Amino acid sequence: MLEFIIYKSIICTIIFVVSLGIAAYSTWWERKFAGLLQDRWGPSRAGIWGLLQPLADGGKMLFKEEIIPNVSNKFLFVLAPALFIVTAIMAGVLIPWGPSVKIGETFYALQVSDINVGVIFLLGVTSIGVYGIMIGGWASNNKYSLLGAIRASAQMISYELAMGIALIALIITAGGTLSFSEIVAAQDKGVANIVWQPLGFIIFFICALAETNRAPFDLAECETELVGGYHTEYSAFKLGLFLFAEYINMFVSSAVMAGFYFGGYNFPFAHELYQAMGLQEGSWIISLIGFGAYFTKTLIFISVFMWIRWTIPRFRYDQLMNLGWKSLLPLSLLNLLITVVVEYFRGNINL
Amino acid sequence: MQLTKRSIVVSNKEQSFAEKIYFPAIIKGMAITFSHLFKKRPTIMYPEVKRQYSDVYRGQHILKLDENGAERCTSCGMCAVACPAEAIIMESAERKKGEEHLYREEKYAKTYEINMLRCIFCGLCEEACPKEAIFLTDKIVDAEYERDTFIYGKDKLVEKIDKRIDVTKRQTPEVLEFKKLPGLKHNELYQKKLNKEKH
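Taken in sequence, the protein lines are chains A and B. At position 92 of the first sequence the residue is numbered 92 (our numbering), and the sequence of numbers has no breaks. At position 18 of the second sequence the residue is numbered 18 (our numbering), and the sequence of numbers has no breaks.
Be aware that one or more of the hints could be misleading.
[What the hints assert, rightly or not] Under 8 Å between C-beta atoms, here's a sample of chain B residues computed to sit facing chain A: (1) H36; (2) T43; (3) K139.
[Stated by the list, open to error] Listing some non-contacts, in silico: residues in chain B with all C-beta distances to chain A over 10 Å: (4) Q60; (5) V81; (6) E106; (7) E113; (8) A143.
Everything labelled a hint here was simulated from the structure, so no lab data went into it. Keep in mind that this is a model prediction, so the values were computed, not measured. Don't be surprised by glycine CBs; every beta carbon is placed ideally from N, CA and C.
With the sequences and hints as input, model every part of the structure.
This is the structure:
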């Protein structure tokens, strides 16, 4: 039992620290990448290549004056950013970062919690995340904040449907399991799910952009129309938590995409490579290589998120709704239909 | 009316299928932004790398010393008169005995102030100076926190004896010739203008 607690706390700490670190350095990479795409250099003053920029930003956020509006609902105002960041980090517990390590006789999974209904848990937790935005926007008692919050929640509801249906198709392809680690492990034998689910991946990707409130779906915080959107009234570290949580969301959804559709810690010719290196199953080197593969995929997805942000202009609100309800929802249903037919002929579904 | 060959006539025609699904346009746009990753950047990392200024760049002023280290300025006030922004104020004083090594002529500027917030760096003071005393250098005026500190006195303006600043590039033969004209040409022009205004 003690062993189990130690193992889980180590994994928890590592995942927590890595999530926060990635979120912090996402802000750096966002600015650096934006600069590079726009013929600039981006942050370059704090440390070499501006690598200390996240620390400087964090320090700024900590030491700035904290303002809580008089007319706000103070309890909810403080609760909102906490709720947002907690749910953002909670979604990260599912991700199986690498093949299990064998220490002694037991296998230790590089995953905080292997919930057997992982996909449902993921959808549930990410939709709780929008409560943070809603409560924050409402508690601010500011028209702009409220408008931002309404937009965010309407957007979440619209895109969650298409996302869920795209995931159902994925689950059928993955062999009917709802566990994240089993979905990733299923891609170990065959090919990555993207081969069978190209349309599903595109739908999921667009929905992930919308769920994380990233451009071109960042209507909830568009500066030109709503000042700062739902976090207009927030300052100092509460604002920092909101921004931070958004990057954690981005990190988690990138990891989810890499795991669901691109094989997670698996990569082509992995087994041949391990055999050539003479590694036994459960060796920590295999775990390390697998973790590296997964992490690289995740980072590539984060970069693609940013690349899209600095290319595509923001959708108008009605365009957003049109896309969600009139295009993505029928498309995801069509994808589900195609998947069922294809899987029937592949022999994975028995009627 | 077509003004350039690049102008495109706007139309409200129905979008084609390719336009409706956005994807071709999005991929095209992403290719464009991606290509910018490898473009040459015009950024100059300012404090470390300085871009090359012209030899006659007009920056912060300097009051030159002569070969012996005495101040050249005789506080004639030509620069203050020439200054269109009225940024220069000076106070004259008489040279005492024993100060010959400090001031070149009998009269000198006791105080000499340039307000760097008023100054427009036109260089007319340099042009007006009959004693080759004031020059503009390629140094950029520093940023300050207070308005008062932008009024530069003699402590900041006079050239340091151990840190002489080379201004020979500003004294081209043409400039020197211009300054040698009898009665100083710019002065004549100024007189003419005054006379015109009187009549």
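Status of E113 (chain B), Cβ more than 10 Å from any chain A Cβ: holds (35 Å)
Checking hints one by one. Is H36 (chain B) an interface residue toward chain A, by the C-beta closer than 8 Å rule? Since chain A brings a Cβ to about 5 Å from H36 (chain B), closer than 8 Å, the hint holds.
Can we trust that Q60 (chain B) is non-interface, i.e. its beta-carbon lies farther than 10 Å from all of chain A? Given that every Cβ of chain A is farther than 10 Å from that of Q60 (chain B), nearest at about 25 Å, it holds.
Decide, holds or violated, for the assertion that all CB atoms of chain A are farther than 10 Å from the CB of V81 (chain B). holds (44 Å)
With d taken as the least Cβ-Cβ distance between E106 (chain B) and chain A, does d exceed 10 Å? holds (53 Å)
Checking a non-interface call: every C-beta of chain A should be farther than 10 Å from the C-beta of A143 (chain B). Is that right? Given a closest Cβ separation of 16 Å, the condition holds.
Let me know if the C-beta of T43 (chain B) comes in closer than 8 Å to any C-beta of chain A, holds or violated. holds (5 Å)
How about K139 (chain B): closest beta carbon in chain A under 8 Å, or not? violated (23 Å)
The structure does not agree with numbered hint 3 stated previously, though it agrees with all others.
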